[in-house]
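Engineer: Here are the chains, one letter per residue:
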Amino acid sequence: MSELKCTDVVENIMNYIDQELDQTTLFTLEKHLEMCPECKSFVDTYKRMLSLSGNLKNQIFVTTDIRKRLKNLLKTKIKPH
Amino acid sequence: MNIFKKLLQSVLIRCGNLYNFQNDEKLINLYIQEKDECAFDELVNRYIDRIYSLCFRITKNKEITEDVVQEIFITLSQKLHTFRAESTFSTWLYRISTNAALMKLRKEKRHNNEVISDDVNYSENNNNNFTYIAKDSSKRPDVFLLRKESENEFNNALNKLPETYRLVIHLKDIDGFSYSQIANILEITTQAVKSRIHRARLELRNELSDYFHEWSEN
Chain A
179 MSELKCTDVV
189 ENIMNYIDQE
199 LDQTTLFTLE
209 KHLEMCPECK
219 SFVDTYKRML
229 SLSGNLKNQI
239 FVTTDIRKRL
249 KNLLKTKIKP
259 H
Chain B
3 MNIFKKLLQS
13 VLIRCGNLYN
23 FQNDEKLINL
33 YIQEKDECAF
43 DELVNRYIDR
53 IYSLCFRITK
63 NKEITEDVVQ
73 EIFITLSQKL
83 HTFRAESTFS
93 TWLYRISTNA
103 ALMKLRKEKR
113 HNNEVISDDV
123 NYSENNNNNF
133 TYIAKDSSKR
143 PDVFLLRKES
153 ENEFNNALNK
163 LPETYRLVIH
173 LKDIDGFSYS
183 QIANILEITT
193 QAVKSRIHRA
203 RLELRNELSD
213 YFHEWSEN
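Chains as they are written, first to last, in the numbering used here: chain A, 179 to 259; chain B, 3 to 220.
Extracted from the complex, chain A is given alone in its bound form (with noise of 0.2 Å):
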């Protein structure tokens, strides 16, 4: 890859983030990133974002209650078979 547009920093973003760039894509994906500060700015946010999505890993949604009226629930429904 000689010379790298914009749309290829998009089209790479997720090898780029997996670390599945081959050397010379990655040297020439870097060196776009140094002169153009949109292409900086768009992985900037996108790996942003995948750090607000990775703080959602311990994140609940059932309550105290929901798990346990579930619970209660499943215990009368379930029997060995």
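One thing to keep in mind: the hints can contain errors.
Unchecked claim - Quick list of in silico lysine-lysine cross-link-like pairs, DSS-like style, CA-CA up to 30 Å:
| no. | chain 1 | residue 1 | chain 2 | residue 2 |
| --- | --- | --- | --- | --- |
| 1 | B | Lys162 | B | Lys106 |
| 2 | B | Lys162 | A | Lys218 |
| 3 | A | Lys255 | B | Lys37 |
| 4 | B | Lys196 | A | Lys246 |
| 5 | B | Lys62 | B | Lys106 |
| 6 | A | Lys225 | A | Lys209 |
| 7 | B | Lys111 | A | Lys235 |
| 8 | B | Lys28 | A | Lys209 |
| 9 | A | Lys255 | B | Lys81 |
| 10 | A | Lys249 | B | Lys196 |
| 11 | A | Lys246 | B | Lys111 |
| 12 | A | Lys253 | B | Lys109 |
| 13 | A | Lys255 | B | Lys162 |
| 14 | A | Lys235 | B | Lys37 |
| 15 | A | Lys235 | A | Lys249 |
| 16 | A | Lys235 | B | Lys28 |
| 17 | B | Lys150 | B | Lys109 |
As the list claims (entries may be wrong) - Anything over 12 Å on all C-beta distances counts as not near chain B; from chain A, calculated:
| no. | residue |
| --- | --- |
| 18 | Lys183 |
| 19 | Leu204 |
| 20 | Phe239 |
| 21 | Leu251 |
Stated by the list, open to error - Derived CB-CB ranges, DEER-like:
| no. | chain 1 | residue 1 | chain 2 | residue 2 | range |
| --- | --- | --- | --- | --- | --- |
| 22 | B | Thr77 | A | Asp222 | 38 to 48 Å |
| 23 | A | Thr202 | B | Lys28 | 47 to 57 Å |
| 24 | A | Val188 | B | Lys28 | 22 to 32 Å |
| 25 | A | Glu212 | B | Gln80 | 53 to 63 Å |
| 26 | A | Glu212 | B | Ser182 | 27 to 37 Å |
| 27 | A | Val188 | B | Ser180 | 20 to 30 Å |
| 28 | B | Ser89 | A | Cys214 | 19 to 29 Å |
| 29 | A | Thr203 | B | Phe23 | 43 to 53 Å |
| 30 | B | Ala87 | A | Ile238 | 21 to 31 Å |
Calculated directly from the structure, the hints in this document are not laboratory data.
In this text, a Cβ means the ideal position worked out from N, Cα and C, and glycines have one as well.
Following the hints, complete the assembly by docking chain B onto the known chain A.
Structural biologist: For chain B alone, kept in the frame of chain A given last:
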């Protein structure tokens, strides 16, 4: 000696919380072969929060979610003997759950002419809506509030996406499944998973553009 060891192990398992230390496959065997209800209870304890979150992410409605979670675990108790360990139990359970939630959502949409009420407004000003509980270890109120605010922004943006996109973001970026595990859950190719995640993330980033604009200015 072996029989004695087996007996002792079996007694130990039945005493106290020793089920916690058993892996999923062992619990499944105990439930199927010995009809041990405590083993199934442990599987429910282990997965109910994650399955509830997954289904709520798909349906965005707590009433439908409660119904579908109940159905999933009842089905699980009836079909557990069909689990063949060709994939991990969690992947298998996620596949059953995803299909059940999507089917339930489609059925409800048909029944209600495509209108399903959303219970996912995370605004702090609206107390009537469903709120989630985040396990946050931070004791500093300012850190907690900032984090909560960004989580709310993220959840609101994610909930604007179509369910197929919400689902892959949830599986990959929140629950942390690999591409091949997601392919197994959704029964599509790994390449199709990657492509769907790519499009979902671009759309999510777009939904978050105002938030990122403010963020870059601070």
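Engineer: All hints, please: hold or fail.
Structural biologist: Verification of the supplied hints:
1. As the CA atoms of Lys162 (chain B) and Lys106 (chain B) are separated by approximately 19 Å, the hinted pair is consistent with the 30 Å bound.
2. Simply put, Lys162 (chain B) and Lys218 (chain A) have alpha-carbon atoms about 26 Å apart, close enough for the 30 Å limit, and the pair holds.
3. Of the supplied pair hints, the one linking Lys255 (chain A) and Lys37 (chain B) holds, its CA atoms being roughly 15 Å apart against a limit of 30 Å.
4. For the hint pairing Lys196 (chain B) with Lys246 (chain A), the CA-to-CA distance comes to about 37 Å; that exceeds 30 Å, so the pair is violated.
5. Under the criterion of a C-alpha separation no larger than 30 Å, the hint pairing Lys62 (chain B) with Lys106 (chain B) is consistent with the structure, at around 12 Å.
6. With a CA separation close to 18 Å, the supplied pair Lys225 (chain A) and Lys209 (chain A) stays within the 30 Å bound.
7. With a CA separation close to 29 Å, the supplied pair Lys111 (chain B) and Lys235 (chain A) stays within the 30 Å bound.
8. This hinted pair does not check out: Lys28 (chain B) and Lys209 (chain A) have alpha carbons roughly 52 Å apart, beyond 30 Å.
9. Using a Cα cut-off of 30 Å, the hinted pair Lys255 (chain A) and Lys81 (chain B) holds, with the two alpha carbons roughly 14 Å apart.
10. The straight-line distance between the Cα atoms of Lys249 (chain A) and Lys196 (chain B) is roughly 36 Å, outside the 30 Å bound, and the hint therefore fails.
11. With a C-alpha separation of about 28 Å, the suggested pair Lys246 (chain A) and Lys111 (chain B) falls inside the 30 Å cut-off, and the hint holds.
12. Note on Lys253 (chain A) and Lys109 (chain B): the hinted pairing holds, with a Cα-Cα distance of about 26 Å set against a maximum of 30 Å.
13. Our distance criterion of 30 Å between C-alpha atoms is broken by Lys255 (chain A) and Lys162 (chain B), whose separation comes to about 35 Å.
14. Taken as a hint, the Lys235 (chain A) and Lys37 (chain B) pair is broken in the structure, with Cα atoms around 33 Å apart against an allowance of 30 Å.
15. Straight-line distance between C-alpha atoms of Lys235 (chain A) and Lys249 (chain A) comes to about 23 Å, which keeps the hinted pair within the 30 Å bound.
16. Of the pairs offered as hints, the one joining Lys235 (chain A) and Lys28 (chain B) holds, with about 26 Å between alpha carbons and a cut-off of 30 Å not exceeded.
17. With a CA separation close to 33 Å, the supplied pair Lys150 (chain B) and Lys109 (chain B) exceeds the 30 Å bound.
18. Even its closest Cβ contact with chain B, about 16 Å, leaves Lys183 (chain A) beyond 12 Å, as expected for a residue assigned away from the interface.
19. Listed as a non-interface residue, Leu204 (chain A) keeps its Cβ farther than 12 Å from every Cβ of chain B; the least gap is roughly 18 Å.
20. A beta-carbon of chain B is positioned within 12 Å of the beta-carbon of Phe239 (chain A); the least distance is around 5 Å.
21. Interface exclusion of Leu251 (chain A) from chain B breaks down, the closest Cβ pair being 6 Å apart, not more than 12 Å.
22. Taken as a hint, the range 38 to 48 Å holds for the pair Thr77 (chain B) and Asp222 (chain A), whose Cβ atoms sit roughly 44 Å apart.
23. Look at Thr202 (chain A) against Lys28 (chain B): about 48 Å separates their beta carbons, and that is inside 47 to 57 Å.
24. Take Val188 (chain A) and Lys28 (chain B): their Cβ atoms lie about 46 Å apart, and the range 22 to 32 Å is violated.
25. Between Glu212 (chain A) and Gln80 (chain B) the Cβ separation comes to about 59 Å, which falls inside the hinted range of 53 to 63 Å.
26. At about 34 Å, the beta-carbon gap between Glu212 (chain A) and Ser182 (chain B) stays in the expected band of 27 to 37 Å.
27. With their beta carbons about 23 Å apart, Val188 (chain A) and Ser180 (chain B) fall inside the hinted range of 20 to 30 Å.
28. Distance hint check: the CB atoms of Ser89 (chain B) and Cys214 (chain A) are about 42 Å apart, inconsistent with the given range 19 to 29 Å.
29. Judged by the Cβ atoms, the range 43 to 53 Å given for Thr203 (chain A) and Phe23 (chain B) holds: they are separated by roughly 46 Å.
30. At roughly 28 Å, the beta-carbon separation of Ala87 (chain B) and Ile238 (chain A) lies within the given 21 to 31 Å, and the hint holds.
The structure fails hints 4, 8, 10, 13, 14, 17, 20, 21, 24 and 28 (numbered hints given earlier, in ascending order).
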